[in-house]
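**Q** Hey, can you work out the whole structure from these sequences and the hints?
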Amino acid sequence: MAISSIIEQLLEIKNEQVKTTNDLRTARTNLIACSLMENPEEWNALLDTVQNISVKLGEINIELKQLEYIHVHINHGVLPY
Numbered sequence: 005m006a007i008s009s010i011i012e013q014l015l016e017i018k019n020e021q022v023k024t025t026n027d028l029r030t031a032r033t034n035l036i037a038c039s040l041m042e043n044p045e046e047w048n049a050l051l052d053t054v055q056n057i058s059v060k061l062g063e064i065n066i067e068l069k070q071l072e073y074i075h076v077h078i079n080h081g082v083l084p085y
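According to the numbering used here, the residues represented by the sequence shown are 5 to 85, in order.
If you are wondering where the hints come from, they were derived from the structure by calculation, not from laboratory data. You can take every hint at face value.
In silico DSS-like pairs for lysine-lysine, Cα to Cα no more than 25 Å straight-line:
#, residue 1, residue 2
1, K23, K69
2, K18, K69
3, K18, K60
4, K60, K23
Pairwise CB distance ranges (calculated):
#, residue 1, residue 2, range
5, E45, N79, 46 to 52 Å
6, E45, L83, 42 to 48 Å
7, E46, Q21, 25 to 31 Å
8, N19, V59, 15 to 21 Å
9, I78, N26, 28 to 34 Å
10, S9, D52, 33 to 39 Å
11, P44, I74, 41 to 47 Å
Quick reminder that beta carbons are idealized off the backbone N, C-alpha and C, glycines included.
**A** In structure tokens form, the structure reads like this:
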């Protein structure tokens, strides 16, 4: 039962990682398309968004690596992706 729980967590966090990576890609594209000189407030808001998503993605990656380590090295499992 515990092993399937870890696999479910891995898949859930992996999906969250993919979604957040796509969100970051979109936010970066929006930031690049915005002009700092013409719209400084909008540019700063977009930069904050990129930074916040980057931090969130870093936290997700840490959690994913921890679960992968537990599943592979401690439980001797195989990653489902």
